[in-house]
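Asker: Chains as they are written, first to last, in this note's numbering: chain A, 1 to 336; chain B, 1 to 336; chain C, 1 to 320; chain D, 1 to 274; chain E, 1 to 274.
Note that these hints are calculated values from the structure, not bench results. Please read all numbers here as calculations on a predicted model, not as lab measurements. Careful, some of the hints might be misleading.
[As the list claims (entries may be wrong)] Across the chosen pairs, the derived CB separations fall in these ranges:
id, chain 1, residue 1, chain 2, residue 2, range
1, B, Arg248, D, Glu117, 26 to 36 Å
2, D, Arg68, E, Gln106, 49 to 59 Å
3, A, Ala327, E, Glu117, 28 to 38 Å
4, B, Pro164, D, Gly108, 42 to 52 Å
5, D, Gly108, E, Arg17, 27 to 37 Å
6, E, Asp29, D, Glu117, 38 to 48 Å
7, D, Leu244, E, Gly66, 26 to 36 Å
8, E, Gln106, B, Leu84, 21 to 31 Å
9, A, Ala327, C, Asp38, 37 to 47 Å
10, A, Thr137, B, Lys329, 47 to 57 Å
11, E, Ile250, D, Gly66, 44 to 54 Å
12, B, Lys329, D, Gln126, 22 to 32 Å
[As the list claims (entries may be wrong)] With a straight-line cut-off of 20 Å between C-alpha atoms, the simulated SDA-like cross-links for lysine to any residue are:
id, chain 1, residue 1, chain 2, residue 2
13, B, Lys329, A, Gly234
14, C, Lys237, A, Ser288
15, D, Lys130, E, Pro87
16, A, Lys37, A, Glu62
17, C, Lys143, B, Glu149
18, C, Lys29, C, Phe42
19, A, Lys329, B, Pro181
20, D, Lys220, D, Glu255
21, A, Lys206, A, Ala76
22, A, Lys244, E, Arg68
23, B, Lys329, A, Leu175
24, A, Lys244, E, Leu178
25, A, Lys206, C, Lys157
26, A, Lys176, B, Lys120
27, D, Lys208, D, Tyr237
28, C, Lys157, B, Tyr194
29, A, Lys176, B, Thr318
30, B, Lys120, A, Val200
31, B, Lys206, C, Phe42
32, E, Lys130, D, Pro216
33, B, Lys244, D, Pro154
Glycine included, each C-beta is placed from N, C-alpha and C at the ideal position.
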Amino acid sequence: MKDMTVEATLPGSNCRQKVAAWAGGRGGFMKTAWLKKLMTVPNILFVALVCLQFLPDRRTDESAVLYQLLIGLLGASYLVYAHLGRGNERVQTAGDLLSLVFVSLGTWQLLTVKLDVLDKMLFPSPALVLDLFIKETPAALKGAAGSLEILLVGYGAALLTAVPLGLVSGWVGRLKRTATPITRVLGPVPPTVYIPYAIVMLPTFKLSSMFVIFIGAFWPVFINTLNGVHTIEGRLIDSARVLKLGSRTMITKVIFPGTLPSIITGATIGLAMSFILLTAAEMIGATSGLGWWVKYISDFADYPRVIVGILYAGVVVTVIMFGFDKAEKHLLRWRR
Amino acid sequence: MKDMTVEATLPGSNCRQKVAAWAGGRGGFMKTAWLKKLMTVPNILFVALVCLQFLPDRRTDESAVLYQLLIGLLGASYLVYAHLGRGNERVQTAGDLLSLVFVSLGTWQLLTVKLDVLDKMLFPSPALVLDLFIKETPAALKGAAGSLEILLVGYGAALLTAVPLGLVSGWVGRLKRTATPITRVLGPVPPTVYIPYAIVMLPTFKLSSMFVIFIGAFWPVFINTLNGVHTIEGRLIDSARVLKLGSRTMITKVIFPGTLPSIITGATIGLAMSFILLTAAEMIGATSGLGWWVKYISDFADYPRVIVGILYAGVVVTVIMFGFDKAEKHLLRWRR
Amino acid sequence: GAADRELKRFNVGYLASTGHAMYFIAKEKGYFEQEGLDVQLFLFTNSGEGMNAITSGKLDAGSFGTAPPLLFIAKGADITIFGGQMSEGHGLVAKPEKAEQFKDLKNYRGKTIATVRLQTGDVVFRGGLHHTGIDWKKDVTIKELDSPGAVLEAVKKGSVDAGILWPPFLTLAEQQGLKVAKLSGDILSGHTCCRQVTLTSKLKANEADYVRFMRALIRAHAFYKTTPDETVDITSKYVKIDKAILKKDLYHGNLYLSPDPDKQMVIHFWDYMNDAEYISSAKKVDAYINTGTFRKALDGLIREYPNEKDYKALKAAFRA
Amino acid sequence: MDTRGIIFDRVSLSYGRQLILENIVLSIDEGEFVCLLGPSGAGKSSLMRLLAGLAAPSSGEVSINGERVAGPGLDRGIVFQDYTLFPWMSAGENIVLALRQAFPHQLGWQLREVAEEFLDLVGLDQAFHKLPSHMSGGMRQRAAIARAFAVNPPILLMDEPFGAVDAVTRAKLQDLLLQLWQREGSERPKTVVFVTHDVDEAMILASKVVVIGMNPGRVKEVRTIDIPRPRVRRELYRNDRFQLLRNHLIELLQEDVMSELSSDRTVCPPGDGI
Amino acid sequence: MDTRGIIFDRVSLSYGRQLILENIVLSIDEGEFVCLLGPSGAGKSSLMRLLAGLAAPSSGEVSINGERVAGPGLDRGIVFQDYTLFPWMSAGENIVLALRQAFPHQLGWQLREVAEEFLDLVGLDQAFHKLPSHMSGGMRQRAAIARAFAVNPPILLMDEPFGAVDAVTRAKLQDLLLQLWQREGSERPKTVVFVTHDVDEAMILASKVVVIGMNPGRVKEVRTIDIPRPRVRRELYRNDRFQLLRNHLIELLQEDVMSELSSDRTVCPPGDGI
Ligand SMILES: Nc1ncnc2c1ncn2[C@@H]1O[C@H](COP(=O)(O)OP(=O)(O)OP(=O)(O)O)[C@@H](O)[C@H]1O
Ligand SMILES: Nc1ncnc2c1ncn2[C@@H]1O[C@H](COP(=O)(O)OP(=O)(O)OP(=O)(O)O)[C@@H](O)[C@H]1O
Ligand SMILES: [Mg+2]
Ligand SMILES: [Mg+2]
């Protein structure tokens, strides 16, 4: 469909010249170049997605106006973005992600609304999900705000304990040899097992929830930090030993920065763990929160809303991770 | 209590000689040295633990014979082990771990049987747990064998997909930029959410269980691999680029070994995740398996057996990890 | 006249179920406050956690099914059942073409049935099969799943022949084209579901509070009987599903709300749990059921409002 | 296709806002042996990276045989200043890996034989199975050199390759390099670009010396070394042309460094240059 | 306490089954400037690691001022062969980190000033805020040298410290090192152990040269260099004693390497040693 392909179907090179002439000399050339620039994968997918809208619906009870609007908006903002930051890596990434989104949306719509081959309860149409997404915004925002406290305290506590403990245990050989088997036995304990104990031992339900998040996020961060210490090059450690750095300087100025890449990976997984456990943590006497909401709703087999809840969780994680990324870029600027 | 301290309380050095003479010359010296060698932390804790047994019980309905036997056995085997591998690092680690075990057991027994300040249902005595541990061995072994299939397939599939995908995505900058936001959104999805979908899409319950394990183990391995690629030194990458290595050689001979430390960490966390999810995975129509057992029993609020189940899971993980450690030692022998 | 007193803080745990409507009414209509209680409702999505909160004293009262408290009693927890919540309401669903054969328990032999372990219906069906002479361990394949949603999907997909569910999932299942083939009430008529439980020590120490708590629930029951529309509105705040389903469950289904502890049925259920091999306990469960609290509350209310028909009906049904 | 050889056409390179190389114009004929001399930090390694295709110029163009350098290629072998071996492979495996890429049709044992032969040539006859972390600095450097020599590319880029070996081994390696360079003379001549800090080494090896100036890096002088080969080391010192050239180059180099090392702080007595 | 200085008392070192250093007996007086010469892979760096306390001898004992070396100490500064800076700190921060350990009572700005001064001395006056990954090889090496000089320990261990810098800078650094070494002469003399491959460098710097033989590493010869100081480079070449010593050392070194580089393969014309 690209103009290149059009040319290729014409035999001979003088033919090509004719076509160019026909296209109007220089102006024509510019016009095709312009067209060519528009012929990117996301744009083509966008057109395909728009065409898909004209197929007849089999699930007839839904309006797709909002959904179509969203697609239009996505396509348009990409066009603008791509135009502004031409040739930029970010534009490329945005295009790739958008293509992925378009393909998923297209398949999803095709299989649900258009062909209706999937179970209606488990697989709502994208239009319905979008509708719900907008309708549930206040509830989800309130829920996210409610969860944020539990998350931040639990996850924060996990980071604040697991990183120093991991650094020290990783650095002191004897501790490392002792800590490793402990992680083997305690790491795989389902955090939900601790719930009854947390309820009994801790004064409030909220603290119990925080504890569940804490314990879930702790192990990934701890294990990654513990093993990360070992990835520091031997010659750097020798260098530090020769300088006779004190333990504190050693940990903060050498071990910590050297382990940072691993710590950040651990923190990423720990954050995912926190969100996974949010549903379990908020089982404990909560009446709000994103996790509570998802669990509550999935207990009622309200899958469209479950999908919406997960989308919201994704949004929250992405926002939190955005801050993380900034910090990471800054802290690891010495690499490469 | 060490003989050093005894000496220190005697003033003057000729006094010391007297003591040595009194202790019987050379033989006496050897005797105190021998005593000194026995005065290690695990041994002292062992004695304390034995003394604890003579305190009166408040929970009277249990027999502690087996438990006392176990402690005796642990203490004795440590003595033998320490004697054989004197001054060895492994002995030190074993001693450290044993001290930890002794302290935990002592506290546990003190708070349950001896003082009875903890809830009897949630906090059974160590003797009771040991009793159950032995009594449930056949059930647990059968359960573990049943779970192993699900675990190996699910976890194995996660390793086999996440590692190559992570390597390729980490290596190709464009893929990495696209994959990172995807991990942000999909990583924190509670794997249990997939259960109804798995039931609908996959032919058997067992496959659904495996899928839950798979998805849970996938993300930690994938994220660790993805980020691990970036920890390879730039000069090594340059070196490989200059050799014009083909993509396959590049991935298998350079990227893979360079990322291996991170992959192994990810695999450790993934394995822990697999075990954590075993309870959820085996809730899909299973009637056996370690996870099913733990969940079943915790539904019945049979906490002593839950503890036993977790201990068994710990044993299984330790066994699996033992193989892992061997492989790791071999594969990473080039480090330091 | 109780309003001017200092309100007493009272923590109550509940599940998001239509059956707990009396809590919601008493809270929303201010009955708890009028009785001098500052009730905080805590939602649990897992009965086991709720029971832990009860036994650790973090909750003053709560209702988490019938099986879980009985289990905890069998395990030696010192808790007391002092009131009722609802009864019956569970059922077995199957695809319409298979529904007919599930009418008779005898036909269950050789079938595959999905269930969520320890829910009331599960106990009733297993006990029923036991009484019919079917060994559910051998003759029936029982698939235990983790959520009603999973049961529903498994039945719809045909991986199992039938599934045991409870409100509102029975209605939901019907909407999805399944049929309710057998009701739990047909097996054990009037079997209890969620019971009010608390620590025995708490009940002994503050019995007056519990009487007032039960008074509020009895008043809520009367409200439920007389004001369907508002009941549905109130319930929908706590159980977020379609109001039509709520209404059907509350008024046209086989779910019966009642604050009566129904001692005999609890004892019966205890036996069923023994039959279903969920417990094996020779304990006398009578000792863990307190009917006095309910009676005191009911008698007091009848004295104050001698004309209230609902109170009289409850009194008539009550057996100590 | 008529322009064989390497051409730097007004090449500049910046890292961020810092200009490293400015307007480099340089042509290296096919078959030449070029030595780059210049003070530390001048931009010699950066220039090598441009040639290797590991960095792209900020402006201008580097071309080889008329084609723009767009990335690394099998036509160029490079020995880095920090002689990088893959730490997870033994010295021999490192070489075999490189050989397999260059000679995909050879069998494994053939490649191993070649690897062993070249390890032998650099004096590492027993190091085939040694991991880099178990070798000394000089041994690692020699293994990296053996790797580059074994692949035998038409263009050889070497960045201070003999820095970490002793003087005697160094002389041997110089001779070996010269032999490899000349052996190819019959078919297609090999081009060598060689960075060194040792003026004598440059004069022994080079057919052309390029002096790089600093702040920013630029070509300060290009000088053909027309001393006839074989150049016997002991005799060179008695050669007048050699001495003249040598003093000239040292002076050139000194200029730059002098201005860099703020002269009032240096402690060398006057006239004690080198 | 009467035995000041470094003593190697029958020291052997093995890695696994491989014997690296065998029965090293060597004493270095306080205030001596010792150069270690030896072929690549002989065990010079290993010897330095023993001295630094980073490795423990398999048998025998290394002692400093009568005390056994049990680990690193602030009395010894070391410049590694691969000049390691912490990559996450700028050159300046690297030096300040080391200084803070050595001078815990100094204020931050004082340390920064000292760091800047020493960076200046090695010709890196503008590199205080540069990250190691943004510096050239020679610049990194000079920063590592500045770090060791700044801490100014009584014993300085330097493993091929000037390998990656150009000849002129090298001469300056040599002079700087000599000055630091001699300045201390008044109070407590500084001891320097210096590994190099450059015989001339050894002769300019050393008060004693130790030649290490290879396979396994052992002390082959200890020779006092009694050429008077200051040693002016240009004049040295006309000094007969210097020439004699130089040729002797080169021959000594050649012996070992010759036997290593299997001579039938080497390509150097006979007599073309160095
Ligand atoms: N970690 C190690 N494990 C095994 N062998 C090692 C290790 N480190 C060094 N060696 C071996 O010890 C020998 C001496 O190494 P060392 O680094 O001391 O040599 P060197 O004299 O410093 O050489 P160079 O001049 O090349 O730096 C070498 O043969 C090397 O292979
Ligand atoms: N990645 C980088 N980012 C920023 N600046 C850099 C980077 N790499 C090198 N430089 C700067 O470029 C200049 C030239 O570096 P280069 O490594 O090319 O020098 P060189 O001539 O090879 O020096 P040497 O002889 O010490 O190896 C130096 O001033 C250095 O600080
Ligand atoms: Mg360089
Ligand atoms: Mg060395």
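Asker: Each hint: holds or not?
Answerer: The hints, checked one at a time:
Remark: the range hint 26 to 36 Å for B:Arg248 to D:Glu117 is upheld by a beta-carbon distance near 27 Å. A C-beta distance of roughly 54 Å is found between D:Arg68 and E:Gln106, which places it inside the suggested range of 49 to 59 Å. One distance hint, 28 to 38 Å for the beta-carbon pair A:Ala327 and E:Glu117, holds here, with the actual separation near 34 Å. The supplied range of 42 to 52 Å is broken by B:Pro164 and D:Gly108, whose beta-carbon atoms lie about 24 Å from each other.
Remark: the range hint 27 to 37 Å for D:Gly108 to E:Arg17 is upheld by a beta-carbon distance near 28 Å. Taking the beta carbon of each, E:Asp29 and D:Glu117 are about 47 Å apart, inside 38 to 48 Å as hinted. One distance hint, 26 to 36 Å for the beta-carbon pair D:Leu244 and E:Gly66, is violated here, with the actual separation near 56 Å. The beta-carbon spacing between E:Gln106 and B:Leu84, approximately 52 Å, falls outside the hinted interval of 21 to 31 Å.
Here the CB-CB span from A:Ala327 to C:Asp38 is close to 44 Å, well matched to the stated 37 to 47 Å. Evaluation of the 47 to 57 Å hint for A:Thr137 and B:Lys329 yields a pass: the beta carbon distance comes to about 53 Å. The beta-carbon spacing between E:Ile250 and D:Gly66, approximately 46 Å, falls within the hinted interval of 44 to 54 Å. For B:Lys329 and D:Gln126, the hinted distance range of 22 to 32 Å is satisfied, since their beta carbons lie about 25 Å from each other.
Pair hint B:Lys329 plus A:Gly234 holds up; C-alpha atoms about 17 Å apart against a cutoff of 20 Å. Restraint check for C:Lys237 and A:Ser288: the C-alpha separation of about 13 Å stays at or below 20 Å, so the hint holds. With a C-alpha separation of about 27 Å, the suggested pair D:Lys130 and E:Pro87 falls outside the 20 Å cut-off, and the hint is violated. A C-alpha spacing of about 36 Å is found between A:Lys37 and A:Glu62, which places the hinted pair above 20 Å, so the restraint is violated.
Pair hint C:Lys143 plus B:Glu149 holds up; C-alpha atoms about 19 Å apart against a cutoff of 20 Å. Between the alpha carbons of C:Lys29 and C:Phe42 the distance comes to roughly 18 Å, so the proposed pair stays at or under 20 Å and holds. Only pairs whose Cα atoms come within 20 Å are accepted, and A:Lys329 paired with B:Pro181 is accepted, the gap being roughly 16 Å. A threshold of 20 Å between alpha carbons decides the hint, and for D:Lys220 with D:Glu255 the separation of about 11 Å falls inside it, so the pair holds.
Taking the CA atoms of A:Lys206 and A:Ala76, the gap is near 44 Å; set against the 20 Å cutoff, the hint is violated. Distance check on the hinted pair: A:Lys244 and E:Arg68 sit about 17 Å apart at the alpha-carbon level, within 20 Å; holds. Of the pairs offered as hints, the one joining B:Lys329 and A:Leu175 holds, with about 19 Å between alpha carbons and a cut-off of 20 Å not exceeded. Among the hinted pairs, A:Lys244 with E:Leu178 is inconsistent with the structure: their alpha-carbon atoms are about 25 Å apart, more than 20 Å.
In summary, the hint linking A:Lys206 to C:Lys157 is not supported, as the alpha carbons are separated by about 39 Å, beyond the 20 Å threshold. Restraint check: the Cα-Cα separation between A:Lys176 and B:Lys120 comes to about 35 Å, which exceeds 20 Å; the hinted pair is violated. Taking the CA atoms of D:Lys208 and D:Tyr237, the gap is near 19 Å; set against the 20 Å cutoff, the hint holds. Between the alpha carbons of C:Lys157 and B:Tyr194 the distance comes to roughly 16 Å, so the proposed pair stays at or under 20 Å and holds.
Distance restraint check for A:Lys176 and B:Thr318: the Cα-Cα separation of roughly 16 Å lies within the 20 Å cut-off, and the hinted pair is therefore satisfied. Between the alpha carbons of B:Lys120 and A:Val200 the distance comes to roughly 12 Å, so the proposed pair stays at or under 20 Å and holds. Only pairs whose Cα atoms come within 20 Å are accepted, and B:Lys206 paired with C:Phe42 is rejected, the gap being roughly 36 Å. Between E:Lys130 and D:Pro216 the CA atoms are separated by roughly 17 Å; this keeps the pair inside 20 Å, and the hint holds.
Distance restraint check for B:Lys244 and D:Pro154: the Cα-Cα separation of roughly 15 Å lies within the 20 Å cut-off, and the hinted pair is therefore satisfied.
Consistency note: the structure conflicts with the earlier hints numbered 4, 7, 8, 15, 16, 21, 24, 25, 26 and 31.
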